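Protein chains: 4
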Amino acid sequence: MAERVGFIGLGIMGKPMARNLLKAGYSLVVHNRSRGPVEELAKEGATPASSPREVAEQAEIVITMLPDSPEVRQVILGENGVIEGIRPGCIVVDMSTISPIVTKEIAAALAAKGVSMLDAPVSGGERGAIEGTLSIMVGGPKETFERVLPIFQVLGKNIVHIGENGAGQVTKACNQIVVAVTIQAVSEALVLAAKSGVDPAKVRQALLGGFAQSRILEVHGQRILERNFKPGFKARLHLKDLGIALATGKAVGVPLLTTSLVHEMLNALCAAGREEWDHSALVTLVEELSHTEVRAAAT
Amino acid sequence: MAERVGFIGLGIMGKPMARNLLKAGYSLVVHNRSRGPVEELAKEGATPASSPREVAEQAEIVITMLPDSPEVRQVILGENGVIEGIRPGCIVVDMSTISPIVTKEIAAALAAKGVSMLDAPVSGGERGAIEGTLSIMVGGPKETFERVLPIFQVLGKNIVHIGENGAGQVTKACNQIVVAVTIQAVSEALVLAAKSGVDPAKVRQALLGGFAQSRILEVHGQRILERNFKPGFKARLHLKDLGIALATGKAVGVPLLTTSLVHEMLNALCAAGREEWDHSALVTLVEELSHTEVRAAAT
Amino acid sequence: MAERVGFIGLGIMGKPMARNLLKAGYSLVVHNRSRGPVEELAKEGATPASSPREVAEQAEIVITMLPDSPEVRQVILGENGVIEGIRPGCIVVDMSTISPIVTKEIAAALAAKGVSMLDAPVSGGERGAIEGTLSIMVGGPKETFERVLPIFQVLGKNIVHIGENGAGQVTKACNQIVVAVTIQAVSEALVLAAKSGVDPAKVRQALLGGFAQSRILEVHGQRILERNFKPGFKARLHLKDLGIALATGKAVGVPLLTTSLVHEMLNALCAAGREEWDHSALVTLVEELSHTEVRAAAT
Amino acid sequence: MAERVGFIGLGIMGKPMARNLLKAGYSLVVHNRSRGPVEELAKEGATPASSPREVAEQAEIVITMLPDSPEVRQVILGENGVIEGIRPGCIVVDMSTISPIVTKEIAAALAAKGVSMLDAPVSGGERGAIEGTLSIMVGGPKETFERVLPIFQVLGKNIVHIGENGAGQVTKACNQIVVAVTIQAVSEALVLAAKSGVDPAKVRQALLGGFAQSRILEVHGQRILERNFKPGFKARLHLKDLGIALATGKAVGVPLLTTSLVHEMLNALCAAGREEWDHSALVTLVEELSHTEVRAAAT
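Chains as they are written, first to last, in numbering that gives the first Met the number 0: chain A, 0 to 298; chain B, 0 to 298; chain C, 0 to 298; chain D, 0 to 298.
Simulated from the structure, these hints should not be mistaken for lab results.
Certain hints may be false.
The list makes no distinction among identical chains, and a pair is therefore deemed to hold if it is satisfied within one copy or across any two copies.
[What the hints assert, rightly or not] Derived pair list, reagent style DMTMM-like, types lysine to aspartate or glutamate, alpha-carbon separation capped at 20 angstroms:
1. Lys141 / Asp198
2. Lys249 / Asp67
3. Lys141 / Glu2
4. Lys201 / Glu145
5. Lys249 / Asp198
6. Lys201 / Glu142
A quick note: this is a predicted structure, and the numbers were derived from the prediction, not measured.
Extracted from the complex, chain A is given alone in its bound form (with noise of 0.2 angstroms):
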């Protein structure tokens, strides 16, 4: 508990994740472009700090939690980013989700300055990032790794090493596209079921004793029931993830057909003005495109 930690980006997820540090007892210099949540953390015992390359300058370890690769980028190599303010030996450890290829340009350019970095990408949201139960995905050295882990261990629960760098990015993008195909598929088997005049409460019910169980189900299902598309997690976030999974299938030559068609869904959903909602509401293109709702029978 002795390094030093910096945390740069306090959004949604961000924010719970810096605090749940500082109440594990790390020592911790925070940055975030708008100025709200830094002072907010200050008083919980936070030092704030005016840019990345100050965060830099105070931590052995910085970690960044930011929308998408150009943030990254920027963050870490732009103008007073880390790589200004950063010395050998430290670590740099990104828990956006951004692009594998974008996290290895990024990694070379810290190796070049004798700093080490992981890609750990996280999963399970919101109530994941209070409640220290994230699923994080780690990619990079594996002695890096281990000298993060209690970091790890405070912010999630199924922390899994995967392999080099990008390795973390890639398997975040893997999950992405099963959970974002299932809800597709959950939302068509409910859609048939309640155009067929058959109680999806119902349906759900059974499927979850067999192999068609999945979290997906029970959680993306029971929202579709309620139609709670209140997120969880965005609609527009899901967009942009499954364009950086399509990227790297591009990339590696892996074509990905369901993927890609989930992805347009995904696209439609947005330009429908639920880019805000949570993904579970793919199910209502499937309900206009079928002129029906989805409701549970009355009980």
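Knowing the structure of chain A, use the given hints to seat chains B, C and D on it.
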């Protein structure tokens, strides 16, 4: 246990199901197109019958477990069929996976003779049939369901009464949609990982911790890693089942975009001569389109 | 012109086709389920018949023009059907669009009675039927084709003998694939243009000059710009035809990825209550998923 | 013909285009990354320049014909780029196929220096470039279009002014959607025919008579029958172009369902090592998924 049970269709699923009823003490009359399994069960105490009609003449509850809609229609409504032998007040339970539309026709024909019907398709495969742990999705009158429930409890574990006749088959169609599309999603994800140079075994392990967590990832994901495509559930049967789902979607007006895509992939899998392979072999098409192969890293 | 011709099925297509044969001097025996069109043609010189059998008894060449496989099977092979009245050496010409598999069954049943059959589905729509400019795709024995050719030349312009029985229907299925998928492609392109703020009329004009140039872009593209969805070719008929194509693909083992997707879109179009609209109304689904509308810029 | 023309990018398309301008009497300044084509054209009368800036310093109208968005941005806006040498009142004409979004950025940067820009992508391939029969789709100010029109008339035949900057690129994206999806449709149709035992050459001939009639069926259909996959238009370039179309659809909110599917098929085609084959080789994937091959019947 006073009721005598008829069982028609002693294939991979039917034979162990019938055997479980025998073991549970039921008096069983059995029929099958080929004689082998009939004789086998006769040695274990079942009474052989030479036609569906003969089964119906001797039983209060007649169970059918057959390949597809035409066989069920023939066995129940055809010449020397169940309908010729069955008496008012008796029950027909079709546990095959067939069209919900055909199911309703058969139920109506039986109802005209004072016979109640349940559609009660199952999931869980040969193993579930042997171990008596099938999921059973039931459509038909509630009171008929309750009368048959003790029998279902011998055959399965997760037993849900969904609604009217056809509701069981619609539910099964929903199950087959979610299972097939999820297998395709898992296949795309694991091939993406493999061709990106990331160990797919670790990706699977990481995904099992989050929302992507599902029995597909657990069971079929493991099959993919081990290249174990011995069924399991045969590709050609899943092709048939998605055909039922799509026909139902067409009948009620629900477009099934990802389902139709995966249906075509199953079609391709059978065209490749892998119709007797496990449905998790969908991954082989993604592999071939990617010119790569999913292999867990050596350990 | 000595041969007497029977014509069964006097719908939107059949009536003008029969009328063209009358005008060309053929002696015509006609039958239709509803009496109206029979009486109409009787006034123009045709001989009414009260059943398909009666038509067959009085004609050497019997043409059928019916909605789908079950109707053709019923009219030719059913009670009071063509097969009961037709004599050896005569010819049945089915110009309906039906399954190539059913076609082969019917051809075999007729052959057993010494009757030769042609499958001769058409394209070109009501207008082509009226003007005698249909495309006719013919399967069946070459010598039978040559004997019927003068009749085909009254009905259409582009007449191709493709191969054995079923080959005509396979060709029609291919035609319907290319037409539907191209309409979908044109729809996606024009909606993309419109929502990008680019005049779709100019886009269409530009595309007509290159490889994209097609009659779909020309005719249906214009319909889209004018929002003229009065058929033309009804969405529900195209849905039926793609169903035939997909069933054929399943029977012979050809996965039809884009076709299956467009089949589901046609399903959605019918679910939206637009089953009687022209198939170019596929664009309305792309528009709705995009929350925009294709309109040519005011001029 | 008083205006001096600059030409940057002398590849497969650019070199014959530049040569046509020379032949038409234009005074030409040329630049290319590799020296070979520059020297070749110098022998034919062109003036070599050592950088895009140098080209711009000597020409009133500067044409660029480059692989993709990054190259165009670099050549026009980068170090030693066109923008450093060009004078107010001059014109930049980008005939590459790039993102309409990048196009607008570049047009805005040039406008700030008093320079007008046209986006003028072409279709028609190497042959159209050599023969001066390209289709040219133009975005940008009408008066600029009119000033450049005589040059366009040397290079192509079907020249359409579509709208503002970016409109040319949007139109090209639309063209590439229709072409690729139609090739996929033709591929599915011809493979269906072939595996159904029907001569695909006769199917193509029959379809050329109806609504399916298109230049794709004519030209690429013939390529498929002859298995002539020598480009023509390379698969990897069409993959790139559909990537532009999908990115545009994402930017404006238009889901492109069939386009995204065909994009993935082009991805698979490149993954199969056929990236330099003609795009009509899409059929090889349908063939492989069907375990069959399209061959015209021997004649």
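Taking the hints in turn, this is what the structure says about them:
1. Lys141 / Asp198: Close across copies (14 angstroms), not inside one copy (50 angstroms); limit 20 angstroms.
2. Lys249 / Asp67: both (19 angstroms within a copy, 16 angstroms between copies)
3. Lys141 / Glu2: So Lys141 and Glu2 pass the 20 angstroms test inside one copy only (18 angstroms; across, 64 angstroms).
4. Lys201 / Glu145: between (46 angstroms within a copy, 17 angstroms between copies)
5. Lys249 / Asp198: This pair counts as between: shortest inter-copy Cα distance 19 angstroms, intra-copy 41 angstroms.
6. Lys201 / Glu142: Only across copies: Lys201 and Glu142 sit 18 angstroms apart there, 49 angstroms inside one copy, limit 20 angstroms.
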